[in-house]
Amino acid sequence: MTDLSVDLGFIKLKNPVIAASGTFGYGLEFAPFMDLKKLGGFVVKGLYFSPREGNPPPRIAETPSGMINAIGLQGVGVKNFADEILPELKKYDTSVFINVCGEDEEEYARVVDFLNGLEGIAAYELNISCPNVKKEGKCPAQDPEATYSVVKRVKEISRCPVITKLSPNVTDIVEIAQSAEEAGSDAISLVNTFLAMAIDIETQKTKIANVFGGLSGPAIKPLAVRMVFQAASVVNIPVLGMGGIATGGDAVEFMLAGASAVQVGTANFIDPDATIQIIREIETYCKNQNIDRVEEIIGKVQI
Amino acid sequence: MTDLSVDLGFIKLKNPVIAASGTFGYGLEFAPFMDLKKLGGFVVKGLYFSPREGNPPPRIAETPSGMINAIGLQGVGVKNFADEILPELKKYDTSVFINVCGEDEEEYARVVDFLNGLEGIAAYELNISCPNVKKEGKCPAQDPEATYSVVKRVKEISRCPVITKLSPNVTDIVEIAQSAEEAGSDAISLVNTFLAMAIDIETQKTKIANVFGGLSGPAIKPLAVRMVFQAASVVNIPVLGMGGIATGGDAVEFMLAGASAVQVGTANFIDPDATIQIIREIETYCKNQNIDRVEEIIGKVQI
Amino acid sequence: MLESILMIKDPSARITYRRNWGDYYLIRITSPEIAQKALPGQFIMARVSDRSVPLLRRPFSIHSREGDSLEIFFQSSGIGTTLLAGKKEGEDLDILGPLGNGFDIKNGIGKKRATAVGGGRGIAPIYFLAQELLAMGSDVTVFYGGKTARDLPLKERFEAKNLRLMCSTEDGSLGFRGFVTGLFESKMDQLNPEIVFACGPDLMMEEIAGITKKNGIPAQLSLESIMGCGFGACWGCVKKIRMSGAEEWTKICQEGPVFPADRIIWE
Amino acid sequence: MLESILMIKDPSARITYRRNWGDYYLIRITSPEIAQKALPGQFIMARVSDRSVPLLRRPFSIHSREGDSLEIFFQSSGIGTTLLAGKKEGEDLDILGPLGNGFDIKNGIGKKRATAVGGGRGIAPIYFLAQELLAMGSDVTVFYGGKTARDLPLKERFEAKNLRLMCSTEDGSLGFRGFVTGLFESKMDQLNPEIVFACGPDLMMEEIAGITKKNGIPAQLSLESIMGCGFGACWGCVKKIRMSGAEEWTKICQEGPVFPADRIIWE
Ligand SMILES: Cc1cc2nc3c(=O)[nH]c(=O)nc-3n(C[C@H](O)[C@H](O)[C@H](O)COP(=O)(O)OP(=O)(O)OC[C@H]3O[C@@H](n4cnc5c(N)ncnc54)[C@H](O)[C@@H]3O)c2cc1C
Ligand SMILES: Cc1cc2nc3c(=O)[nH]c(=O)nc-3n(C[C@H](O)[C@H](O)[C@H](O)COP(=O)(O)OP(=O)(O)OC[C@H]3O[C@@H](n4cnc5c(N)ncnc54)[C@H](O)[C@@H]3O)c2cc1C
Ligand SMILES: Cc1cc2nc3c(=O)[nH]c(=O)nc-3n(C[C@H](O)[C@H](O)[C@H](O)COP(=O)(O)O)c2cc1C
Ligand SMILES: Cc1cc2nc3c(=O)[nH]c(=O)nc-3n(C[C@H](O)[C@H](O)[C@H](O)COP(=O)(O)O)c2cc1C
Ligand code: FES
Ligand code: FES
Chain R
19 MTDLSVDLGF IKLKNPVIAA SGTFGYGLEF APFMDLKKLG GFVVKGLYFS
69 PREGNPPPRI AETPSGMINA IGLQGVGVKN FADEILPELK KYDTSVFINV
119 CGEDEEEYAR VVDFLNGLEG IAAYELNISC PNVKKEGKCP AQDPEATYSV
169 VKRVKEISRC PVITKLSPNV TDIVEIAQSA EEAGSDAISL VNTFLAMAID
219 IETQKTKIAN VFGGLSGPAI KPLAVRMVFQ AASVVNIPVL GMGGIATGGD
269 AVEFMLAGAS AVQVGTANFI DPDATIQIIR EIETYCKNQN IDRVEEIIGK
319 VQI
Chain F
19 MTDLSVDLGF IKLKNPVIAA SGTFGYGLEF APFMDLKKLG GFVVKGLYFS
69 PREGNPPPRI AETPSGMINA IGLQGVGVKN FADEILPELK KYDTSVFINV
119 CGEDEEEYAR VVDFLNGLEG IAAYELNISC PNVKKEGKCP AQDPEATYSV
169 VKRVKEISRC PVITKLSPNV TDIVEIAQSA EEAGSDAISL VNTFLAMAID
219 IETQKTKIAN VFGGLSGPAI KPLAVRMVFQ AASVVNIPVL GMGGIATGGD
269 AVEFMLAGAS AVQVGTANFI DPDATIQIIR EIETYCKNQN IDRVEEIIGK
319 VQI
Chain E
193 MLESILMIKD PSARITYRRN WGDYYLIRIT SPEIAQKALP GQFIMARVSD
243 RSVPLLRRPF SIHSREGDSL EIFFQSSGIG TTLLAGKKEG EDLDILGPLG
293 NGFDIKNGIG KKRATAVGGG RGIAPIYFLA QELLAMGSDV TVFYGGKTAR
343 DLPLKERFEA KNLRLMCSTE DGSLGFRGFV TGLFESKMDQ LNPEIVFACG
393 PDLMMEEIAG ITKKNGIPAQ LSLESIMGCG FGACWGCVKK IRMSGAEEWT
443 KICQEGPVFP ADRIIWE
Chain G
193 MLESILMIKD PSARITYRRN WGDYYLIRIT SPEIAQKALP GQFIMARVSD
243 RSVPLLRRPF SIHSREGDSL EIFFQSSGIG TTLLAGKKEG EDLDILGPLG
293 NGFDIKNGIG KKRATAVGGG RGIAPIYFLA QELLAMGSDV TVFYGGKTAR
343 DLPLKERFEA KNLRLMCSTE DGSLGFRGFV TGLFESKMDQ LNPEIVFACG
393 PDLMMEEIAG ITKKNGIPAQ LSLESIMGCG FGACWGCVKK IRMSGAEEWT
443 KICQEGPVFP ADRIIWE
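Protein chains in written order, with this note's numbering: chain R, 19 to 321; chain F, 19 to 321; chain E, 193 to 459; chain G, 193 to 459.
Keep in mind the hints are simulated off the structure, nothing from the lab.
Since the model is a prediction, treat every value here as computed from it, not as a measurement.
Using N, Cα and C, we set each Cβ at its ideal position, and we do this for glycine too.
No incorrect hints appear here.
Footprint (simulated), chain F over chain R, 3 or more residues, beta carbon under 8 Å:
1) 83 to 89
2) 204 to 217
3) 242 to 250
4) 269 to 275
Please put together the full structure from these sequences, using the hints given.
Here it is in structure tokens:
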């Protein structure tokens with residue numbers, strides 16, 4: 019039996035597979051298809067303080083080996099979440115991460131402040147990297163100072179560990195990763211989606227009403243692996259890697275590159291039980307390679 | 019008959035389809051498969067001043083809808099090029115662009131200085147954006163000042179028009195595009211490849227000996243279209259768009275986003291006559307849409 | 193929420209029958225659990241490829257159900273439907289279903305004088321619906337419209353049932369010349385339906401909504417939208433719907449695809 | 193340069209015959225222009241998919257040529273070869289060929305006492321080569337090695353020819369037990385070849401280079417490499433070769449895939 023558990027320091031996960039924010043609803047949507055407690059954990063859909071309407075459709079477009087989305091973080095807001103959804107999630111006996119969003123620093127703090135003290139939250143994941151909300155796709159994770167500032171602010175008040183979710187739309191992922199670490203982040207997760215655009219040549223309109231959206235799926239995997247490798251090479255906090263993971267082999271690739279755990283996003287849409295299959299495939303890989311503890315492969319790529 | 023010609027100001031092309039640097043050899047490799055003079059033009063493989071050895075293999079890896087390469091700009095150097103290859107190219111009656119490389123500003127200037135005055139050069143394309151040469155993938159195109167400086171330097175001595183080729187590995191493509199324009203670049207071309215990495219999970223080694231390489235192919239198209247759109251929205255010089263173009267429809271998408279012409283890269287490997295097919299498909303598109311002059315569609319996306 | 197608990201993934205639903213009329217295809221699939229639970233107006237998400245191009249599953253209405261099998265009826269248009277059209281009898285198909293909320297025909301609604309309108313491939317769910325309505329003893333009229341006679345391949349299938357079929361084509365090659373909405377409107381007084389069901393492109397749905405509203409008849413419309421998942425996880429498929437008072441971007445896949453016409457906000 | 197002028201793209205080479213032994217496949221393709229020009233040791237690049245996964249063409253040695261047809265022999269291992277293995281008779285295949293420089297058997301080289309060694313799927317070009325050598329009146333010995341008897345499906349094909357066949361398997365289930373290089377070395381004195389040709393994995397090629405060098409016999413080795421294009425455009429397929437004096441990263445697809453053993457630099 020391979021030991022699939024991974025210790026992130028602030029939390030120990032059953033296995034390294036976490037369902038990524040925005041691709042796993044509030045978790046409940048997946049209950050018909052799988053046993054949620056088999057997961058390493060899941061991150062709920064991004065939460066702003068107030069409910070949000072989201073962007074007009076079309077919100078989704080397919081691209082070669084990828085998809086663009088601009089959902090615009092439609093969501094229920096913290097109050098509804100705390101009252102109606104969080105209590106439901108406790109039943110499932112797995113680690114629940116909260117993806118925290120904000121229009122500004124203040125809002126991040128308000129979300130965390132509101133949720134602080136509630137039971138059943140494993141950690142906050144600060145989404146400082148969503149490219150779909152503003153038309154230009156700008157976000158704090160594109161600037162080291164802005165990153166430092168918002169992480170610092172949240173760490174000061176948070177009663178839970180904080181994971182900072184980074185944007186791939188940057189020249190130098192290393193300086194952003196370091197800013198998050200310096201500001202006290204307990205871990206970093208990357209990557210969020212890549213700012214993208216697609217045009218319908220027949221109508222000559224953008225395929226996404228919001229003009230820009232975020233690219234996810236297998237297409238981005240080689241870019242995400244590179245960034246995870248670069249970030250993991252410099253920081254001393256755990257890295258949660260993601261971007262295009264669809265198989266156990268993909269998950270192993272991120273772990274070899276330096277990820278202590280992985281998140282699975284778009285693959286959940288294609289196969290609601292993708293995470294479960296990935297866990298099984300990681301186990302098979304470890305068996306074939308005579309690896310007793312999956313933690314042994316973290317960062318083990320030979321260069 | 020649709021008029022496929024496009025006027026870049028400094029040069030008029032038969033049609034908007036140019037074969038991209040590094041994917042079309044020195045042009046001659048494609049002569050068995052197609053009539054080179056049907057092209058809008060082609061860009062030769064990147065040239066340093068001296069011959070270069072290139073990177074050790076493996077240099078290529080496949081990824082979902084894409085490929086990573088780290089050729090390392092193996093090439094013959096300017097002297098051999100001028101003596102042996104350029105004279106051959108004159109036979110083909112199409113616009114030949116020279117992809118100019120350099121380890122530093124000085125080398126770009128030396129390459130241009132050496133080639134200056136030779137016949138048969140339509141323009142220089144300054145490759146300030148190749149991610150495969152240094153392990154960290156750093157290049158001038160990732161910094162607005164470095165971009166300004168090298169373009170300015172080359173423009174001062176160049177007797178041909180100068181196209182600056184930008185890197186997509188940046189936070190803000192707009193500021194780099196503007197730097198190139200301010201420095202006097204006659205056009206910009208984008209995107210070069212995205213810095214990427216892939217790991218063979220069986221051997222636990224990187225699939226590319228150089229560790230990092232550049233991602234190209236259909237996978238990057240939505241990212242490239244976005245950047246072309248952003249850059250074309252702010253500069254007043256022509257934009258040559260590329261990244262994952264494999265069909266006439268893809269080319270049209272870039273032109274709608276603001277490209278005055280397009281470059282076709284990876285597709286040439288898969289179909290040596292890809293450029294010819296793309297030209298034909300653009301023509302068909304124009305006919306179906308009742309467009310008399312292909313220039314009419316440049317930047318015409320409705321947002 | 194209740195319906196969604198019934199969703200199942202069947203990775204090996206066997207294709208047992210396949211035929212086509214031009215680019216319209218009918219595929220019968222054995223998938224006992226999904227078939228048995230299926231209700232008219234619900235759909236499946238089919239994995240048309242095991243590669244990442246195309247990446248997403250494709251939604252198809254359940255066209256009919258018989259024992260352990262269900263049928264889908266579709267038009268091959270883009271890459272996904274072309275790949276699906278290429279599948280052979282004996283191959284397996286990976287499907288999720290039954291998804292969404294179908295037509296509401298319970299509590300006597302289905303027992304009324306009912307009219308169902310299908311445009312083009314939008315006819316797909318109407319066949320299943322008509323069968324269920326007939327089984328309830330309802331008096332059923334079906335309007336079936338398309339561009340040309342070739343776009344009405346299911347005409348005979350409907351004619352074999354104990355219902356009134358009215359066809360229209362845009363070029364007049366079969367039945368009424370014009371849009372199916374025109375034919376439908378012209379027969380309103382004569383048929384005097386108590387309930388109207390419809391499926392087709394947005395523009396057609398909007399017209400049906402207008403016609404039924406003008407005549408004061410309740411209508412249930414099945415909407416289409418690009419779907420990322422089909423089971424409520426991506427929030428990609430929304431349209432504006434009046435939900436418990438407020439207008440909201442509402443998930444078509446989960447709250448629909450069928451909605452009462454008066455709750456749909458047309459943009 | 194001369195050879196490359198002969199390269200052709202045939203987007204509709206018809207598959208006329210296909211058979212398999214386990215995961216080894218033989219496919220016959222009609223492609224008159226390419227077949228007529230093909231030389232032993234040359235290869236084709238096949239487009240295994242019209243989607244972008246997998247993206248690149250795949251290289252396959254020309255296994256035999258007859259009139260307007262050529263054959264390829266391959267092992268299905270990854271995504272590309274699996275897709276190719278799934279193609280049916282009557283389907284079209286898009287190929288480029290003939291590519292590269294094959295074995296050099298002109299100017300009397302082929303007329304000598306020749307030995308050819310093929311390991312695993314590396315046997316593919318050896319069959320074409322052996323036929324051409326026999327046609328020249330040469331005395332031919334073929335070494336054919338694999339893991340088990342199941343990896344030597346072409347044994348009978350070779351036996352039907354007028355040549356000496358020596359087989360080896362790693363598990364001893366057929367012929368000599370051990371590597372084909374071991375068998376080859378042990379027969380060196382007895383056969384006393386004047387020229388050696390070989391195709392197989394790098395490690396095997398390196399050993400053949402060593403053995404032939406020790407015995408002072410010229411050898412021509414066919415190398416493999418990941419190929420982006422197959423026709424000299426991408427510079428992706430290089431290995432270190434001694435070219436006109438200097439050691440250079442040399443394009444396998446264009447200058448090779450066959451090189452004189454003494455010009456290959458082993459890393
Ligand atoms: C609930 C529902 C039920 C449907 N039932 C049927 C049916 O029974 N028969 C039938 O022929 N068609 C049906 N459709 C439409 C069908 O799903 C699309 O024709 C199909 O997805 C097109 O895929 P493609 O790859 O061939 O086309 P592409 O144009 O290549 O698809 C590109 C993307 O757009 C999406 N897309 C394209 N057209 C539509 C559309 N009209 N509606 C939704 N998404 C679309 C695709 O799913 C894909 O994500 C239904 C759609 C929905 C939402
Ligand atoms: C000149 C030449 C001739 C060849 N002739 C034959 C032949 O006659 N019969 C045969 O069975 N095989 C032959 N091969 C090897 C064959 O091309 C590979 O097995 C095939 O490309 C694997 O593709 P895949 O998609 O199945 O594997 P994957 O592992 O999915 O391929 C991934 C990538 O690696 C490349 N690749 C994988 N293995 C090899 C390899 N051994 N050599 C080169 N590239 C590889 C693929 O082309 C692709 O780009 C030849 C290779 C070369 C270079
Ligand atoms: C439809 C959709 C919605 C998303 N919503 C969120 C979100 O709310 N918060 C967040 O941090 N990331 C969000 N993401 C990004 C994913 O969590 C993940 O970072 C990204 O999709 C890359 O992983 P993948 O390629 O496995 O999908 C979303 C992605 C998609 C596709
Ligand atoms: C094998 C290979 C070699 C390349 N060499 C060069 C080069 O020498 N100079 C350059 O400016 N770009 C080079 N590029 C980048 C391409 O010109 C192009 O910008 C990029 O591949 C994106 O376009 P594509 O997706 O159509 O390939 C190379 C790309 C590939 C795949
Ligand atoms: S399709 Fe994903 S929520 Fe409706
Ligand atoms: S495979 Fe492209 S140069 Fe050899």
